[in-house]
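First to last, the sequence lines map onto chains A and B.
All the letters of the first sequence, read from the start, carry residue numbers 990 to 1308 under my numbering.
All the letters of the second sequence, read from the start, carry residue numbers 1307 to 1512 under my numbering.
Some hints could be false.
If you anchor each label on the Cβ, the simulated ranges turn out as follows [to be verified]:
#1 B/Arg1319 to A/Val1125: 54 to 60 Å
#2 B/Tyr1431 to A/Ala1246: 44 to 50 Å
#3 B/Ile1474 to A/Val1068: 42 to 48 Å
#4 A/Leu1282 to B/Trp1317: 49 to 55 Å
#5 B/Thr1378 to A/Val1301: 48 to 54 Å
#6 B/Leu1333 to A/Glu1115: 49 to 55 Å
#7 A/Ser1066 to B/Glu1457: 21 to 27 Å
Rather than coming from a laboratory, the hints here were simulated on the basis of the structure.
The model shown is predicted, which means the values in this text are computed figures rather than measured ones.
Beta carbons: idealized from backbone N, C-alpha and C, even for Gly.
Residues per chain are reported as follows:
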Amino acid sequence: MLKKSILALLFTFSISSMLTAKMIVNMDDEPAHMEDNKLCFDCHSKAVYQYENEFSGKIERKAMNPNFIFKPEEFYSGVHRHFSCTDCHSPDYETFPHDAELRLEEMYSCLDCHGGDETYARFHFETIEEEFQKSVHATKHDESFNCWMCHDPHSFKIMTHGNYKISEIVEYDNNTCFSCHDYKTVKFQRISDSIKPPLEEIHDFLPNFELHFSAVRCLECHTDTKDTMWVAHNILPKEKAVKNCVECHSTNTMLTAKLYKYQNIEARKDRGTFNAVLLNEAYVIGANRNIYLNIVSIALFLLSLLGVAVHVFFRIKKK
Amino acid sequence: MTEKLYLYPIWLRIWHAINALMFLVLLVTGVSLQYSNIDFPLIRFDYAVTYHNIAGIILSINYLIFVLGNLTTGNARFYKLKIKGLFQSLMKQANYYMFGTFKGEETPFPVNADRKFNPLQKVAYVVTMYVFIPIMIITGLALLFPETIVENVFNLSGIYLTALLHGIVSIMLLLFLVIHLYFSTMGKTPISNFKSIVNGYHEAHD
């Protein structure tokens, strides 16, 4: 425990010196510890690794445990890209073969590093934790269900704070859910005995299932609509998921308060339903209403009725 | 004495009936979808989507019957437009509708076995059946399979543009419907044209 606290302190110190409050992660510069990390990635990025057996003098080739394979390109495009592996993992990993006990090393949770720090205040980690504790992920599972289940720090990206397109945010976030909720994944079976039917079957009430899954996140329907968080973490029980189409398919679409807020907040202008994101990147039946088209249509329709009324009037009068 | 002319063959009347019914379903469900409101739903959204899709597909197949029927039965001749003198004919017919009819004037282009439509009708029907309806079918099918639509056109969502075109043309068709229904009351009696499209016989003005 003491070791963990010291490591956490060290790493907080080293990271805070690296970052400024304005730019949380510098995504432009070369990652700070590429050379050191290469030693780890030499084995831990491959399905098969090799080493020289000191006793036999032979080169051995072994299959890597899939849970310990990490892609450098994903790591270096994630938020922890400037970290050295041993910032979080024990320096004892620098020797090989690794000590078997190291496998029991405790993993940091997000709050271990990010909690109570002004640098990360805008991410509201404490609120995320509170919301998560209310969610089915916390209430239906024991404490082994932690941040890691969804957010792997080896590859985590803050999609909603960058210049990502809506479709990229959707794909990334939904893949996070699919990594467990796709009935084929082993990950789901690690925490549940239930066999779920395929997602397509569960969501067969959705017209064009694939389009919905590529256009919106699971979170839009499966989190509290009143959630004022940047990214909702209170995943609701399935009975409380949104099933009323009009919640999204109307001018008051809840998507404006959810998925589309990330870009709307910067682009929002008083343009009524002629909304920047809805216009540029998405089409939601019932939510995209071109105000000018509405006015013109109603005017033309009324004019045609007026024309008919005038004609009828003269027909009756001249009869 | 009323002269009766068999102008609307059975296939055309069946086509027209299906077309009219599907048109109305599409119109009501389309308005319900476009102006969906959580507090005042006209038709439940998912039902409206399903009915709209089904009606759209039926209307599209029916449209093929219309085109095929026109090609094979000679009905197409009623739609042929002569560009020469068209403007004058249109003005003549418009003038009749605006003034002549109230003065008891004779219709300038009476219906006969070779002329089912007056010039205004012809233009309206040609534009509706050979421009608007195909646009609606193409954009409608594209929206049914949105993966076929170009994702981005000059920074605008391709689906949005397709839907916008679908919406604009649907307004044109709504106007067509209002005018079509109203002009149908201008037969020999206000209901004689409605009878004609059921029994096939046109009743000429006295």
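Evaluate the given range 44 to 50 Å for the C-beta pair formed by B/Tyr1431 and A/Ala1246.
holds, 47 Å
Tell me if the beta carbons of A/Leu1282 and B/Trp1317 are separated by a distance inside 49 to 55 Å.
violated, 37 Å
B/Arg1319 paired with A/Val1125, Cβ distance criterion 54 to 60 Å
For A/Val1125 against B/Arg1319, whose Cβ atoms are near 59 Å apart, the range 54 to 60 Å holds.
Could you tell me whether the CB distance from B/Ile1474 to A/Val1068 stays inside 42 to 48 Å?
At roughly 45 Å between Cβ atoms, A/Val1068 and B/Ile1474 fall inside 42 to 48 Å, so the hint holds.
Determine whether the Cβ-Cβ distance between B/Thr1378 and A/Val1301 falls within the hinted range of 48 to 54 Å.
violated, 39 Å
Has the hinted range 21 to 27 Å been met by the Cβ atoms of A/Ser1066 and B/Glu1457?
Taking Cβ atoms as reference, A/Ser1066 and B/Glu1457 lie about 23 Å apart, which means the hint holds.
Does 49 to 55 Å hold as the CB distance between B/Leu1333 and A/Glu1115, or does it fail?
With Cβ atoms ~53 Å apart, the hint holds.
Checked against the numbered hints listed earlier, the structure breaks hints 4, 5; every other hint is satisfied.
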